[in-house]
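Enquirer: Note that the protein sequences, when read in sequence, are chains A and B. 1 is the number of the first residue of the first sequence in the working numbering; add one for each residue after it. 1 is the number of the first residue of the second sequence in the working numbering; add one for each residue after it.
A portion of the hints provided could be inaccurate.
To be verified - Under 10 Å between C-beta atoms, here's a sample of chain B residues computed to sit facing chain A: (1) 17; (2) 147; (3) 148; (4) 150; (5) 258; (6) 265; (7) 267; (8) 270; (9) 278; (10) 279; (11) 283; (12) 360.
As the list claims (entries may be wrong) - Computed spacing ranges between beta-carbons, pair by pair: (13) A/204 with B/273: 46 to 54 Å; (14) A/41 with B/357: 47 to 55 Å; (15) A/130 with B/18: 53 to 61 Å; (16) A/55 with B/190: 52 to 60 Å; (17) B/116 with A/138: 29 to 37 Å; (18) A/186 with B/130: 43 to 51 Å; (19) B/48 with A/186: 58 to 66 Å; (20) B/136 with A/138: 42 to 50 Å; (21) B/212 with A/185: 56 to 64 Å; (22) A/186 with B/273: 25 to 33 Å; (23) A/204 with B/361: 49 to 57 Å; (24) B/361 with A/186: 39 to 47 Å; (25) A/131 with B/130: 27 to 35 Å; (26) B/18 with A/151: 52 to 60 Å.
These are computed hints drawn from the structure, not numbers from a lab. All residues carry an ideal CB built from backbone N, CA and C; glycine is no exception.
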Amino acid sequence: MNTEKAGLTPDSPDSPDARPIIEIIGMHKWFDDFHVLKDINLTVMPQEKIVVCGPSGSGKSTVIRCINRLEEHQRGKIIVNGTELTRDLKNIERVRTEVGMVFQHFNLFPHLTILDNLTVGPIWVRKMPKKEAEELAMHYLEIVQIPEQAQKYPGQISGGQQQRVAIARSLCMKPKIMLFDEPTSALDPEMIKEVLDVMVNLAQEGMTMIVVTHEMGFAKTVADRVIFMDFGEIVEENEPHTFFDNPQHERTKLFLSQIL
Amino acid sequence: MNDLSKPAHADEIKPPSTEVGVIGWVRHNLFNGVFSSIATIVVLGGLIKVLPNFIQWAFIDAAWFTSGQQCKEVEGACWSVITQNIRFNIFGYYPYAEQWRPLLAMIILIAMLIYSRDWNKWNKRLGYAWLFALFVMGLLMKGGLFGLVPVESTKWSGLPLTLLLSFFGILASYPLGVMLALGRQSRMPIIKSLCVVYIEMIRGVPLITMLFMSSVMFPLFLPEGVTIDKVLRAQAAIILFTAAYIAEVVRGGLQAMDKGQYEAAESLGLNYFQMMRMIILPQALKIVIPPTVGILISAFKDTSLVVIIALYDILNTTKSILSEPEWTGFSTEAYIFIAMIYYICCFSMSQYSRRIEKELEYKHIDNDDR
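Looking at chain B on its own, in the form it has when it is part of the complex (with noise of 0.2 Å):
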């Protein structure tokens, strides 16, 4: 039985070979046009000029399981003063024995946050298990109890570090770079002066100097006896120096939003917080998404500079592995394999942002058949 809703030949006419399939997408994507044709040429001829050497380089010459020495007479690309080197560049100089402990503890962390990474699942019993796990890695880390041995944290280096630093750098530097926004826009004029000088002075200095200055001048400044811990001044430098940024950002946001959003929240009574809490944070800081996880992986990137105050971080653990004799002239293979860390980690977090983009996006357009 025919369709009558049907003409007959509905689906007998189909669009010309050349507009679709692979044909159509080439002719669309890379040959649409002079310029384009010009530069898909280019590009290409580049390409087969540069990507032979390399896969002759990294794959078919290299050496990976070699000593130095051995290394040295190898034409190709030199793994080996990775996966030689794997445990130091890894863990740094927390003790041999110990480095399952920070092992446990990155996974721990790396686990909670690909958990955590669906909004449905944020509530109360995550949080819970949030500060459960960060005070098991915390332990992990430092020891001292149940029978660990304690490790001081200026042992604390490499990969573990780096994401010490960025995870508590970006967790606390978040709220209060918006408490600064808010702070910046309020209408005490003590307040706002506040959060302005406080925004302008850390955007004037950068963030090697504060750096610097947490680790060399702020000690000076305590009185005798006292001391606080590398780490943690570091850590507190880089938290005080993103928040400026955030809160530039986060302001964009508060700036963007309609002036009737503020009055429909004030004409039900709303009180400040609350008007904020409930109605112009959560649509403000969903318009600087984009740029506040941009701010939040330079900040990850930046963490590399606590070099300058003598933490060994993965690019300084790296560094020292290229400074012996064995491994010296091998820095693009180790740079390279530092590189990808760096990338892996900015790449999830882009893409985790983006995610969380759309899930707050869709509410707007796709709920008609609920």
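In isolation and in its complexed conformation, chain A is listed as follows (with noise of 0.2 Å):
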């Protein structure tokens, strides 16, 4: 596949020890008064891939969810490719748009078709011509092999399809980072192999992604890095070899035995 059409590695660094592309510096965070990120302190490269798991409630999802703003962090800092993510809205709107989110339940608009759903990015954020935006699309959905489903409204496809529907609509917009939030979670079993593919492929092309999940497999293929996190803190990171074969941490060991 030709890389440079697909866009997906854009700014690839040509040195080694380029700038971070997210930092994250003792940032805290707080539901309330319930604290649910605890000192977190994270540094993503260009194209290093992070798989981030945890028990339920752990606050994995939460994490993500902090670099493109969809929740609001208390403190510390949030650098996201140079912006600093503050109360500013341009700020806000201008990391979105460099940062694309993959949900659980896929979200994708329902009153609007397929092709629709990945153009209205395009269109309205990047003021990219119809014509074009629709180019765009359907090489995507090329990429995320449906493209003949275009026409077809989301109700109408499988889980899975959903799934790939969303990562294309979100490559779209052409991201320097991606965010998946449990992409396979609500999907049935036969169906989390194709949505795996995708991203396996899409790590493969050199997007900076950070993936939330429980496919450890996934994690043990694709990670530079593995996060665990328990009760609101980076309990454990390390690369994947070693962070199954030989976890440090009691908790790590725990959650570890209880799902592989």
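With the hints as a guide, bring the two chains together.
Expert: Next comes the structure, spelled out in structure tokens:
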């Protein structure tokens, strides 16, 4: 596949010591009085693939939702692609155009066709002419291998197809970073693979990815680093080989013993 | 050559005759159990008692084109009260010789409405056509240009006035209501509280009070010499009133939306207005079509309350016909006629809304073969 045309490797750095694309420094978050995230520190380099795992309620989804400001953090700093996330709406919108997000429940727009789902971002945010946006959309539908569904509505295709459309929708914005919030958790087992395949391809093209998932197979083959979270803290952070074969922390060991 | 894929007896076996056709229908719908049978018999008995009398009164013994005097000797209905006064009933105090103008305006309005009922015809050109049509209708009503005699809005009355108040009331209150609903959902505290106060205040006051205030109190606040058209003031009261109710219904639709839709739109980088216009409102407004139409239908009927500020809508012209000595006592006939006009309008609105609902619904089910 022609990666230039696919646009999957925007601004790939030539030098290995390039600047980090995401920096989270001493970040805390509360839901009212409940301390959900405690002193989160995370640096992500361009093209890095990070898998975040942990028991439910550990705050892993909340972390990535803070990165495109679907949630607001109360202390610390989040810098995405050189822009610090503050109350400034312009900054938030700029960051969101650089960061694609894939949700557990797909969140496709049910009143729009698949094609319109994909073009709404390029046309309205990138101000792209309609024809060009549609060509772009068809290109990404081919990448996720469902171009024949372009004229259907989300309610008419399977869950796995919907999630692939959701990924294509994010890619149409040519993001520098892709966030995945449990992308396969709501899928029937036989559909998980088709979505993971798309994600593996995306990783191979060099996309910067943060993936919250329970798919440990995916973590082992794709991740550069695996992060384990529990009770709102990053408990352990390691490259997958060490993480799975030789976990350091008791809580990590317990978690791995439960899911593997 | 026999079709091998079909078993030999496939089309010989039919369901029992008591289950299909007229007998089946009657059995299933009219005599389906003891309670249903009793209800059917009671209702049929009632109809047999009432209907012949009504038909006798309304058609057989009725007078159609007589004077009021002759009518008083007739046993049945006196439809003459309508036929003899039809022009005053419909057009009220609009100058007699010029009544073709409101008639033409109404025909244009109804033709435009019927033409626009098809969703697919809504485009820019239709928008311009509407602007032009509205201009022509205004010109016809008001006059003063192209040799048309000017007619003061105080003389506008009857059905044209009812349609005018309803049409603009609905047209303006809907977007205003949507904006109020969005304002009430806003994160900005000042906008939010303004909208809440507005909505709650209006909903706490009957329309009659608003009309009364607009016609009696409001002029007191204006500087001397400044007058605002009475019809316009009533129109504004109706719009402001209906908008508050629309706002609450739309708010319900917004709250029914899945939070994921907001998040997906935001994460694409759509700003607030784009998100609302492209993603949220199309879905939220669709959910609330049935209650919205309910409100618009009551708004249409509520225009009859302008009677209180001495505007002559179609109900009020009817009342003044009935107050003439020649026609007193025929209120049943006159009001049946008015009820029919209201019924036709309201029924069309409700049919139209169902049509829109269906059109929007089909998109989700029926497109597999495209």
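Enquirer: Run every hint past the structure and note whether it holds.
Expert: Structure-based check of each hint:
| no. | hint | in the structure |
| --- | --- | --- |
| 1 | 17 | violated (40 Å) |
| 2 | 147 | violated (48 Å) |
| 3 | 148 | violated (45 Å) |
| 4 | 150 | violated (47 Å) |
| 5 | 258 | holds (7 Å) |
| 6 | 265 | holds (8 Å) |
| 7 | 267 | holds (4 Å) |
| 8 | 270 | holds (6 Å) |
| 9 | 278 | holds (6 Å) |
| 10 | 279 | holds (6 Å) |
| 11 | 283 | holds (5 Å) |
| 12 | 360 | holds (8 Å) |
| 13 | A/204 with B/273: 46 to 54 Å | violated (38 Å) |
| 14 | A/41 with B/357: 47 to 55 Å | holds (52 Å) |
| 15 | A/130 with B/18: 53 to 61 Å | holds (60 Å) |
| 16 | A/55 with B/190: 52 to 60 Å | violated (43 Å) |
| 17 | B/116 with A/138: 29 to 37 Å | holds (34 Å) |
| 18 | A/186 with B/130: 43 to 51 Å | holds (45 Å) |
| 19 | B/48 with A/186: 58 to 66 Å | holds (60 Å) |
| 20 | B/136 with A/138: 42 to 50 Å | holds (45 Å) |
| 21 | B/212 with A/185: 56 to 64 Å | holds (60 Å) |
| 22 | A/186 with B/273: 25 to 33 Å | holds (30 Å) |
| 23 | A/204 with B/361: 49 to 57 Å | violated (42 Å) |
| 24 | B/361 with A/186: 39 to 47 Å | violated (25 Å) |
| 25 | A/131 with B/130: 27 to 35 Å | holds (29 Å) |
| 26 | B/18 with A/151: 52 to 60 Å | violated (47 Å) |
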